[in-house]
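> So you can see what is in the structure, the chains are spelled out below.
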Amino acid sequence: MALFTAPKRHPLYPVSRQMRLDILEVVNEVGFGHIGGALSSVDIILSIYNSDNFNLKKDHFILSAGHLCLALYVVLAQQNYFSKDNLFTYAKFGSLLQGHLNLDTPGVEYASGSLGQGLSFAAGLALGDPKHHTICLTTDGEHNEGQIWEAITFANKYHQGNLINIVDYNGVQLGGKTEDIMPLEELAGKYVRFGWTVRTINGHNFYELDNALKLAKESTIYPSCIIAKTVSGKGISAMENNFEYHDIKKIPHDLYLSAKHDLQKY
Amino acid sequence: MISKNIKTASMRIAFGETLFNLALKNPNLYVVDIDLYPSLYLQKFKERFNSRFIQAGIAESNAAAVAAGLAASGKTVFLTSFSCFSPALNWGVIRQSICYNQHKVKIIGSHSGLMSSDLGATHQMLEDIALMRVLPNMQVFSPLDAYEVQKMLPVIANSPGPSYLRLVRPETPLISSPRQPFSIGRSHHLKSGNQVSILGHGPILTQLFLKDFDKYSLDIINCSSLKPLDEKTIVASLQKTGRCLVIEDHQKIGALGEAVAGLIARNNLKVRFIQLGVNDSFGQSAHNYFDLYHAYALSPLSIIEALKILLKKYAQSKRNP
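Protein sequence lines correspond, in order, to chains A and B. Take the first sequence: its position 206, counted from the start at 1, is 222 in our numbering, and no numbers get skipped. Take the second sequence: its position 13, counted from the start at 1, is 24 in our numbering, and no numbers get skipped.
If you are wondering where the hints come from, they were derived from the structure by calculation, not from laboratory data.
As a list, the in silico DSSO-like pairs of lysine-lysine whose alpha-carbon atoms are at most 30 Å apart: (1) B:36 <-> A:147; (2) A:74 <-> B:36; (3) A:266 <-> A:193; (4) B:202 <-> B:222; (5) B:55 <-> A:147; (6) B:202 <-> B:324; (7) B:323 <-> B:251; (8) A:24 <-> A:245; (9) B:57 <-> A:147; (10) B:57 <-> A:173; (11) A:206 <-> A:147; (12) B:226 <-> B:202; (13) A:147 <-> A:230; (14) B:263 <-> B:281; (15) B:251 <-> B:226; (16) A:24 <-> A:193; (17) A:173 <-> B:55; (18) A:173 <-> B:36; (19) B:202 <-> B:18; (20) A:245 <-> A:173; (21) B:324 <-> B:226.
Please work from the sequences and hints to get the whole structure.
Next comes the structure, spelled out in structure tokens:
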């Protein structure tokens, strides 16, 4: 997986290791979580929230794939939207942090959980707030949903230069590899044909993420797609590229120890 | 059918004109259309307010979430289509993106009920109220006639959360009083009487203004605000008459009839109850919706049958032993 190695000299790199450890500790503590996607998408979300190009008090971040909420929660805690203690109440009764997104959580702009809707919502928001950017995070598996393609067509029609869709392309979904469940074939080419600008990057490389976000911001009449190639379960060797860790209940103790060991070396 | 001197008007034209007038005053009013704007008489809106008219094409799911996103940026959004497409096709999007996220999207579902006559069963939406009533945060309205559409729209446009407004295709009799104001959660009497309470919504109620019904003393309530429902007015009427007839151009399952039945049970009311509606079946084509009302037991004849059953003597003696 040389392609997906993350350069360690970027200042966000140690932060991302901490985010991964937080995700592992939360899932281990509460015995529930979509860990595979959280570990593949956390670098993307971290990069957006720490970007010099966007101000998320004014620009918008829409997480379309609601099951990635744990990755968003650890970043929101890092950004002081709420205290880190809240993380360990994740999905518990009465928690501020629901099992899928909810508007009561500080920093959450769109409550998702049912896939395929967020990009349409982001397109509507980008249309209604043309002075700011709307960044949406979808997944490769989510592109099974027909509504995604309706939204891609719509954004092209309205020349939504202020709309950015980042695809967390980790190659797996709940029941197997994306290419087996429903092949996406050449996703970048499809976006181009639908009138978008597209950039394919390593979604764990913060330099590439920074650069792609900067270039996406510069696009004024074409909506931008960033296909971020990622590794599901990134950082935990037993979970990497393994669809069986799409979500997990209780982590077996020896797996927890080896995962923690992996992440401490990350 | 209705006496010749009663005027008729199109709810859809009333909708298009009223929305245009609201848009003149409210620069935040947007339309997201699903390529049915001529059917909803929005041509004038489209020309005059082009930048506020979003044409989403024949893609209901995307349109509903785009509407929610626009509403999130502070707009009042009318999502316009036929009810057999929106909310029928995009229910899950309405549930999550509009209701769960609590956005000010006003869903307009035209061509509802058997009144879509010659378009056939696919377009005769008989399930819309059930689909919308069940959603948290959603308010549901079914106007009686074109006047009520005019009165409802400004109120709905100002109400904060999501709403669903049911419209029908043909021109229908004008019954409601233009002076009677509309308010959410309030029902009004179209006639007062003490023999039988008739509850319903939409233009099907206008059949009750035929001469044939003059010999009955009917307490007719227009339940155009289906959710929230004016339970107080309904319960008071049922306590007065002890007899209830619910009539609606919708499946019996999931709409006003069941809401009233629940109300009767919860309040321990001693009421004879008959529900007229479509009985777990699809519609079919006809050139005139009266033929369908006859076939589906919603016509004046069926209503009179029901009234006769409700008024049978033993019912009275059982109620007051």
